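Protein chains: 2
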Amino acid sequence: MNNIYKTIEGGICASKGYKANGTYCGIKKSANDDPNTPHKNDICLYVSEVPANAAAVYTQNKVKGAPIIVTKANLEKSEGKAIAVIANSKNANTCNADGIEKANKMCLLVSRELGIPQEQVIVASTGVIGQILPIEPIEKAVPILAKGLDHHKNLEAATAIMTTDTVKKEYAVEFDINGITCHLGGMAKGSGMIHPNMATTLNFITSDCAISSEMLQKALSEIVKITYNCLSIDGDQSTNDMVCLMANGMASNEEITCEGDEYEIFKSALYQVMSNLTRMLAKDGEGATKLLECVCSGAKDKETAIAVAKSVVCSSLFKAAMFGEDANWGRVLCAIGYADAEFDINKVDVDLSSAKGIVGVCRNGSGVEFSEDEASKILSCDEINILINLHDGSCDATAWGCDLTYDYVKINGDYRT
Amino acid sequence: MNNIYKTIEGGICASKGYKANGTYCGIKKSANDDPNTPHKNDICLYVSEVPANAAAVYTQNKVKGAPIIVTKANLEKSEGKAIAVIANSKNANTCNADGIEKANKMCLLVSRELGIPQEQVIVASTGVIGQILPIEPIEKAVPILAKGLDHHKNLEAATAIMTTDTVKKEYAVEFDINGITCHLGGMAKGSGMIHPNMATTLNFITSDCAISSEMLQKALSEIVKITYNCLSIDGDQSTNDMVCLMANGMASNEEITCEGDEYEIFKSALYQVMSNLTRMLAKDGEGATKLLECVCSGAKDKETAIAVAKSVVCSSLFKAAMFGEDANWGRVLCAIGYADAEFDINKVDVDLSSAKGIVGVCRNGSGVEFSEDEASKILSCDEINILINLHDGSCDATAWGCDLTYDYVKINGDYRT
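The listed protein sequences correspond, in order, to chains A and B. Residue numbering for the first sequence is 1 to 417, as defined by this note's numbering. Residue numbering for the second sequence is 1 to 417, as defined by this note's numbering.
If we strip away everything but chain A, and leave its shape as in the complex, we get (with noise of 0.2 angstroms):
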């Protein structure tokens, strides 16, 4: 496949026929709240001109989100088509009683407002756990949000979604199918309780692309498997994780109904989104310094690929050394040793690399001789690569993760508070 995939501005809004808007209600307020003192915004909602395919994945985690069942029985009734999504921050709506009330209420503001079935309405929210979810804000945010709904305000929705996140997260593609331009673009909030198994954070992807229903929820289910699934920042599986996919074909494209080059296409559109979404909620983990990203070569397939790479981004002792810049390569080695696959780890070699260049630290299971102050230089850079081959065929797979710091422990020692 030849297909050129042009990195473009815009977000969710990056594709035809689609309007976003965000504000700030007060869903948490505080006592010190200075009524003059900007906010930042902690809710938003997009919608697409017309009716658009729909496919999502959710969190593995028992404890669902009432926005996750929520939005889980509205795509069912709708049979995956959805026209607006509305998404809070500051507050998961999670473990409370009155829970799935809340989040039904939520898509019924925004079905009055618009006229479109409440069915048709996707719910997603995330925050603190176990806090009653005050709906008033909400309701009077609806309108609001309706009424400023445009195609360039992308950046007001991205910023809604963030908690500790500390930038926004917006990647868009062009791309080209039978020479028909079409578009690719999300926007996605991190930062901690963030683990591999699962449909990790809230993630929101809108395309242009005419795509039938089943090849979408088919392309999203593949893709989510080697980037989101891939990202570890603290081991923690989200309550309210998301990944919602739309698609509403005004590209005017042949809808893409069967797998073939088409289909292909349009699945190394929604990687290239996926996968930079991924680096950037890595990069932007809690407390984070660096990214991590572990590459996993010469394995015997797929899925022992994926379990080593994700295996070594996982480990605490690791990720800790990363922050200290210390090339204590055994805890690589002990991390691949513990990964659940089977290969020799008497073949395994590593290296370790930057924008400042590579050292090999490890051949055939042992220890080599390098320079500490080589290593040391290349560790100081922001963006460490492990690369790990296994010398035992020719599939790989890679995992992204984030240093251990001082600043996970501060952040979530006092994150309600």
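Mixed in with the good hints, there may be bad ones.
The list treats identical chains as interchangeable, and a pair is accepted whether it falls inside one copy or across any two copies.
[As the list claims (entries may be wrong)] As a list, the in silico DSS-like pairs of lysine-lysine whose alpha-carbon atoms are at most 27 angstroms apart:
#1 Lys64 with Lys302
#2 Lys347 with Lys105
#3 Lys218 with Lys77
#4 Lys64 with Lys347
#5 Lys40 with Lys225
#6 Lys64 with Lys6
#7 Lys28 with Lys377
Hints listed in this document are in silico derivations from the structure and should not be mistaken for laboratory results. Computed from a predicted structure; not experimentally measured.
Chain B: place on chain A using the hints.
Below, chain B without anything else, positioned relative to chain A:
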């Protein structure tokens, strides 16, 4: 069973017929070493007067330290008999091309010095992975260790196996089998790279009880499952972990060769010692300020109770909240929710308790009103209990862990240097 287990002093020397010794031999020399400064012991030796039955469990990490491989081979060759144990800190002798050769050399040195079969020597190492073990200091140390072996030098040994541990860990009990007094005691080292599903850390236990090799191994495997394997400091499985249990029969009770009352008494004594050492390991977890003890009751089976209790003490987010003394019970629910077990999350109750009281924070899977002041007071203690009831049966289990602190990051950011 109405036996009295009396806590006694003496660690690995609490049982009849055991002698120990420890010393500093300079396994890790630093350029700044002042010859006039006393050093922490880095090597120890202990022996039984007569050949003892020996049982062991080892790390499940694919990367196995050379001492693990050599000890396993020796115990196979000797058909579960052992006389001596040699152990060093400061170097794990793992991921080195000459690791096996050096570990065998350590056994050979002890064998020659004591005039015992080489395969009746157990060897263990703990410390940095992937650094060549210097054998010369050990060659010099073995005769000194052997000469000074003494029934009262358990402390010299217990301090020799410490790495980042801040306190030595010893525990011993006296118990009675059919009117005959028996003893069982041990020592352990922590305190990072500790995670369930393995024989965590280095643990050495001795007894003078007469019990067959087979029943000894059976008791050890059963008790490991509900003690060390329910401990997590940081989720990292070490490469060198081992629990080694010797029983030399010098108490002269009738040998335990099958299940029954005597076996149960022995197993309870083993549980006393191993659960107390586990608690000590958790409390002295790297950088820890608080011991977390999570009891899951009302489970339909033991496995479910273990999975749920472990999941909570493994959660980085919850551990950080405990450091911050924040009653963020949503993180407990979240961790319960991703435990690999089946139960109804909507029936779950959670309480937090300590020496300063108890507070209910969750009923039927939803939050309940509680006094934050009361909760803060309870969480200010250095031993916190998390009490979970699944209301789904009558099985329970305990898991142990510690809070996640700045000091964990500090210690592991520059461990090698």
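Comparing the hints with the structure gives:
1. In the homo-oligomer, the alpha carbons of Lys64 and Lys302 lie at most 27 angstroms apart only across protomers (25 angstroms), although the nearest pairing inside one protomer, at 29 angstroms, exceeds that limit.
2. Taking the closest pair of Cα atoms, Lys347 and Lys105 come within 27 angstroms of each other only across two copies (25 angstroms); inside a single copy the shortest separation is 57 angstroms, beyond that limit.
3. For the identical chains of this complex, Lys218 and Lys77 are intra-copy neighbours only, at 19 angstroms inside a copy versus 55 angstroms across copies, given an alpha-carbon limit of 27 angstroms.
4. Proximity of Lys64 and Lys347 under a CA criterion of 27 angstroms is satisfied inter-copy only: 14 angstroms between copies versus 42 angstroms inside one chain copy.
5. Proximity of Lys40 to Lys225 under the C-alpha cut-off of 27 angstroms is found in neither arrangement, the shortest distances being 32 angstroms within a copy and 49 angstroms between copies.
6. In this assembly of identical chains, the alpha carbons of Lys64 and Lys6 never lie at most 27 angstroms apart, being 37 angstroms within a copy and 47 angstroms across copies at closest.
7. For the homomeric pair Lys28 and Lys377, the shortest alpha-carbon distance between copies (25 angstroms) is at most 27 angstroms, but the shortest distance inside one copy (44 angstroms) is not.
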